[in-house]
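Protein chains in written order, with the working numbering: chain A, 77 to 238; chain B, 0 to 270.
A few of these clues could be false.
[Unchecked claim] Partial pick of chain B residues on the chain A-facing surface, computed with a CB cut under 7 angstroms:
| hint | residue |
| --- | --- |
| 1 | L72 |
| 2 | G138 |
| 3 | G145 |
| 4 | A149 |
| 5 | V193 |
| 6 | G222 |
| 7 | A223 |
| 8 | V224 |
| 9 | P232 |
[Said to hold, decoys possible] Lysine to any residue pairs mimicking SDA-like chemistry, simulated, CA-CA at most 20 angstroms apart:
| hint | chain 1 | residue 1 | chain 2 | residue 2 |
| --- | --- | --- | --- | --- |
| 10 | B | K183 | B | G219 |
| 11 | B | K183 | A | V180 |
| 12 | B | K80 | B | S152 |
| 13 | B | K80 | A | A150 |
| 14 | B | K183 | A | I78 |
| 15 | B | K80 | A | V180 |
| 16 | B | K48 | B | E34 |
| 17 | B | K48 | B | D2 |
| 18 | B | K183 | A | S146 |
If you are wondering where the hints come from, they were derived from the structure by calculation, not from laboratory data.
Where a beta carbon is used, it is the ideal one built from N, C-alpha and C, also for glycine.
As a plain string of letters, each chain reads:
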Amino acid sequence: MIRKKICLVGAPGVGKTSLVRRFVERRFEADYHSTIGVRIDRRGLEIDGQDVSLIIWDIHGEDESLSVRSSYLAGMAGCFVVIDASRPETIEIATTLRERALAVAAVPMVAVVNKTDLVDEAEVALSSARLAPLADNVMATSCLEDTGVDDAFEFLARATIG
Amino acid sequence: MSDELDELRELLLGADRLAIARLEARIDALEQRLEAGPRVDELAALLPKVIEKRSTDASLDPGLQPTVERTLLRSVEDDPKVIADAIYPVIGPAIRRSIAAMFSFGPSGGFQVDHIFIIEGATSVPLVHYQRSEDLDEGAVEMVSGMLSAIRSFVEESFEAGQLDGLQDLRVGDVTVLVEPGPKAVIAAVTAGVPPTRFREQLQIALEEFHREHESDLRGFDGAVEPYQPFEPRLAELERRHGLARGNRFSVLLLFVLLIIVVVVGAAIIL
Chain A
77 MIRKKICLVG APGVGKTSLV RRFVERRFEA DYHSTIGVRI DRRGLEIDGQ
127 DVSLIIWDIH GEDESLSVRS SYLAGMAGCF VVIDASRPET IEIATTLRER
177 ALAVAAVPMV AVVNKTDLVD EAEVALSSAR LAPLADNVMA TSCLEDTGVD
227 DAFEFLARAT IG
Chain B
0 MSDELDELRE LLLGADRLAI ARLEARIDAL EQRLEAGPRV DELAALLPKV
50 IEKRSTDASL DPGLQPTVER TLLRSVEDDP KVIADAIYPV IGPAIRRSIA
100 AMFSFGPSGG FQVDHIFIIE GATSVPLVHY QRSEDLDEGA VEMVSGMLSA
150 IRSFVEESFE AGQLDGLQDL RVGDVTVLVE PGPKAVIAAV TAGVPPTRFR
200 EQLQIALEEF HREHESDLRG FDGAVEPYQP FEPRLAELER RHGLARGNRF
250 SVLLLFVLLI IVVVVGAAII L
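Bound-form chain B, shown alone (with noise of 0.2 angstroms):
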């Protein structure tokens, strides 16, 4: 009878009773890990599903600010160039949309684009040029690129630190060299005329682009320049966008003497 009712019994409750022979064995399990403390490899596995599961709602942001806030803080005092390099590419966009927003910009006449150069910035190697005629050889352009690094330098060291926050143009009469600075590169433009204030705008983004395009290039860089040829059509099309034809043409000794009377004049501004 006894065998009749247990053969009953197990036809009946047999599945509940695997089931609950499971969830015991994982409860034992789950105490014998809790008793064991926590495991950092399984909480390291759980973490960032727990925070993409929150990210939804506001939840961990009390508390995971502070954390964010001293890890940023603390980043900037090892290296500002890490984050600056990070946002590069985003911040500058950013502000321009905020000063457009501020000032409209109107049509300027009469300015003229004859050179644009980007240039590597610790080398002070050309990496690529435009030329609106073909007054520089390549030599030349390689010249012309070490010179107005130097003089970015000299210029800048020779003021206290914190009176010059980088130089940007270099100017004599008529003819002015745009310089705008980036992380791993320096885009400069010899202009005649009036720049239009969009131009410095458009040079800001073109070396944006630029550094976007060719980050890994950048990083790496050893003095191969072919890389970055690709990018002198971006820099043509810009000069055709901004420049209004003057007639006269650069001519590669006024390119000199124009940065030497910058050299002179600036030298003795300074001393």
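Same shape as in the complex, but just chain A (with noise of 0.2 angstroms):
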């Protein structure tokens, strides 16, 4: 068995919480995320042939009022930046938080075009490009559709073990 923490970090409302709430078995529902600004959840895989747990630290969205705490990344194995597909003002800040991610832990990173059901196939075209240089892939998903959403965590689970 090997245990690894994976962050998930952009801006509010860009469907962070929802992307864990698809892929884990199940929650326990009490909100404490807006206290102290991240909640865990865990989910185990099997990658080739090896029990993997990931447990994924939810971490609350930055705006001017509130920074993700660099405490809450320390030891991550991975790490998702997501952005919303139909804001695409929402890139500037998961670049900033892309950056403050590296300093903390050189991990693998992927960066999660969310909410793919508002927008056109070429609107997730642009804002993945403008993506593909800050990740090592740009991976598309859908919560209400519950498309791409196991693919990204597999992919990052697989980053995290080489």
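Mind assembling these two chains? They're in different frames, but the hints should get you there.
So, in structure tokens, the structure goes:
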């Protein structure tokens, strides 16, 4: 069994918590997220015959009044930088957070273009192209349509175990 | 005649002359070395032997003391963690002996240990966990470990530097989570009732032993937790030695609720 901590960062409302909710088997549904700025879930996966437990730190959205604590990023083995496909301006915060995450740990990074159900393919392609230089991979997801979510987590899990 | 005398001289003094010739050669060689100045390689080879030879008396101490002191100070200034990690297994027992000499401990009743976690410091990943009854599955253990670490970070960062020397305990009502930090891992015990003073000491000892036995595993930690599982019986022994059954079992829900209450109350105090 290998246990890996991964983090999700991004602007408020980009759908980080929805991504986690889609991915994990069960959750303890108490709202402490807004109090300390993080909530923790987990899911087990099998990658190439290896049991991997992903411990997922869903970190609150950063805006002008609330910044992501670097201590929450410490020790992570991989990171999602999430944007909202219908709000291209969330790429700017994603870029800032990506820099902060890399300063804490040089780990595999996946950029997620979320809420693809709200835009057309051309807009998804445009956002993906803008994010491409920022991450090891760019993946498009929709929690509403349940597309791409498992693939994104599995890609990052695989990247964390090298 | 002269040849005979030479032969006699050779027979009587031959060995001595050879020895004298060798000594002269060594003296010449030493003189040449002195003229050429000291050689670093030769001195380096001799130095350990010289220090070892003089280690039984104190004659070297005055000369070495300032250098050793300056080196230690410089090391601490550069990275205090190096020295702290090195002395951690030694300094803990020494401090406890001093405290034990000052206080006498009496038994305490109605104390129960429900869970003991050892959590990797950087990643918050649980390395080994003991529970008195099967309350938490592996997933819950991972989430609780993460929450504990997040709460500690939150509280420590919310106070100004110097105001709080690390969060040690979380307490709500009768339930206490005792936390003892180490250089690479943290030990946390979920308990009910009044902990005997020696229990905290035993937690510290267990954590020191854990660091000692898993030093190389911890240094190269990559998420694999199997190497740490042989330590689980030691945590069980810790519980058996101190836990007095109180009847009420801890539930997963109660543990989560406890942590959330700690978060909310803590935030209210801080903000």
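Hints and how they fare:
no., hint, result
1, L72, "violated (28 angstroms)"
2, G138, "holds (5 angstroms)"
3, G145, "holds (4 angstroms)"
4, A149, "holds (5 angstroms)"
5, V193, "violated (28 angstroms)"
6, G222, "holds (4 angstroms)"
7, A223, "holds (5 angstroms)"
8, V224, "holds (6 angstroms)"
9, P232, "violated (19 angstroms)"
10, B:K183 / B:G219, "holds (11 angstroms)"
11, B:K183 / A:V180, "holds (17 angstroms)"
12, B:K80 / B:S152, "holds (19 angstroms)"
13, B:K80 / A:A150, "holds (17 angstroms)"
14, B:K183 / A:I78, "holds (18 angstroms)"
15, B:K80 / A:V180, "holds (18 angstroms)"
16, B:K48 / B:E34, "violated (24 angstroms)"
17, B:K48 / B:D2, "violated (51 angstroms)"
18, B:K183 / A:S146, "holds (18 angstroms)"
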